[in-house]
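Make a model of the complete structure from these sequences and hints.
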Amino acid sequence: SQQGCDPFAQTQRSKLQHRRARINQQINKEMRMRAGAENLFRATSNHKVKETVALELSYVNSNLQLLKEELEELNSSVDVYQNDSESISVPMIPLGLKETKELDLLVPLKGFISEHYGEEGVLFEKEIREVMELRQAMRTPSRNEAGLELLLEYYNQLHLLDTRFFPPNRSLGVFFHWYDSLTGVPSHQRALAFEKGSVLFNIGALHTQIGARQDRASLPGLNQAIDAFQRAAGAFNYLKENFSNAPSLDMSTASLSMLVRLMVAQVQECVFEKMTLLRGQHSFLTRLQLAQEAARVEDAYSLVHQTMTQAHVKDYVPFSWTTMVHVKSEHFKALSHYFAAIALCDCPAPSDAELPEQEKAFLQFHVTMPEGPSLRTLLRDPEERRKLGKAHLKKAIMKHEEAMRIHGLCKILRKMDILQEVLSFAHKRSLGKYSEIDHEEDFFETGDAPDIRPKTHQKPEIKSPSFSQVKVTDLFHRLGPLSVFSAKNKWYPARRVHLRRGENGFGFTLRGDSPVLIAGVIPGGCAAEAGLKEGDYIISVNGKDCKWSKHAEVVQLLKSTGEEGVDVCVITLQGSEGPGAVDRKAVPVSSGGGMLKGNKENSRKSLMNSKSASTLLVWGKRSKRSKKSTYGVPFTAVADNEVMY
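Position one of the sequence shown corresponds to residue 0 (my numbering), numbered consecutively onward.
Hint data in this document are derived by calculation from the structure and do not stem from the laboratory.
Check each hint, because a few of them may be wrong.
[Said to hold, decoys possible] Taking lysine-lysine pairs in the DSSO-like style, the calculated list, with each CA pair at most 27 Å apart, reads:
id	residue 1	residue 2
1	LYS313	LYS239
2	LYS410	LYS109
3	LYS549	LYS487
4	LYS532	LYS543
5	LYS410	LYS313
6	LYS239	LYS462
7	LYS47	LYS14
Okay, here's the thing in structure tokens:
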């Protein structure tokens, strides 16, 4: 079975996760104390007690505030998740994994197996322990593909458990406890959807950590970072669209929308970096493209910043994240103006052959047209180019300074040397360029350069999780095929009947596989006399379990009986008795309310099997009936599938 990381391995990341767990527990304790104190405050009329409790409450509240600040600082430890390469890359924002409490499923699942399935719960202890071990392992996934597969395996396993053990109308009495990734506040719910959603959140969070650790100074590293952030966006987006009413803030719609946008912006930033890496940035057109890419990144981060500063989001998003996103939007705006300036100032005026292409690109470059001469004149006149370039540099320098000012407001970011270095390098580069093109005899007032129109050559994709990439086995296979033996179906206690073959055979028609269905019973025949009904499922023949048996296997078992007859064990689903019942049951069950669209593993088998009985020897003289479809079953090959025995 799969393993999580060694929880005691002292990597920087696991130390962070340990600190997160400790803070979560302290927050939990303080919140319980606060709830107790608030109840006492409301209940007492004694003035002295009220005063003491009020003091206690203010103490607990300030403790909570300190813990939340400590957690925020932890959420801001983005540098631990970055790569160790020598080259300078702007840090990316990763998410910490949600923590959960241990869960004991032994008692509730054993109880449900005994009560619902009528089997000995104790015989399934091994399988239940396997689920618990898988859950324990996925709490500490490694930061790579194996860690992701571990989380996906557990997620897919939950889908099967849901169908097996969680009936729609009653609770198993199991509580799933998870801590909020951003606030550390604990939540618990009985709904398995909360467990599924939290695992999905961690799949997204793990993708963000994988993205942040890539060495983005190389092309393969950049492509992996792009892929990881796109998959993170896909996981958060899938969570937002398929799960609602989560009890914790980090999984609220507003929070998930913010995270999707943040991941998209980080992808857009990687695309910009990829372009600077790929193109020898020396042609006029390439520099215009870089300026437009930078403007696109600025756009993406501005949108994230707006989302993060909304009323119901800003209180729990770490201040360092909001600041970093704001810094990046100013930084990339500065870069867009810088690349516009060097396109104008460092590239020679176009030849007659180059002019049409450059004119066309420049026509769509600014948000509003620059004042002054016509484009053609501007592009051909070095002095006009210098003037406009200078205006762009002036704007770039203002924006660099703004980025550095905002960066200085956040004490956590001030400690982050890498970001500081990137900002001051870009600022110095723009200043250097400005002094290089600034002439002492410039008497003109440097104009206001128009902004650059955002444009990208690679739009970020939101990649949904591919659940089907990790195949899981149904651990509780022995309980029978899920199409019938599921938590939502109820059946009457199994009936054992003794059948003897009459001169016309047993007197029933069979259909389908796993389990085989009695599709019709002939009035007055042996089967009818023994009490078999249409719609019964055969679960054993002469003591041999037939829940998973194919049509041919059941027929073989029945055929091999002699004079003494055969013991057949059957069940009837509740609510499916009487004629026409077969119509209702032959329809395959859909896969879990569309929760796992791509999960082929979980789509239930249809009860029909085209290769069924048509090829078998028909025994019993009234075989002609086999061609006649007795019921309007909503399937094609009915005539071939039902055979009279």
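Taking the hints in turn, this is what the structure says about them:
1. LYS313 x LYS239: 19 Å, holds
2. LYS410 x LYS109: Measuring from Cα to Cα gives roughly 53 Å; hence the hint is violated.
3. LYS549 x LYS487: 24 Å, holds
4. LYS532 x LYS543: 21 Å, holds
5. LYS410 x LYS313: Within the cut-off at roughly 18 Å; holds.
6. LYS239 x LYS462: 14 Å, holds
7. LYS47 x LYS14: Roughly 44 Å between the alpha carbons, so the hint for LYS47 and LYS14 is violated.
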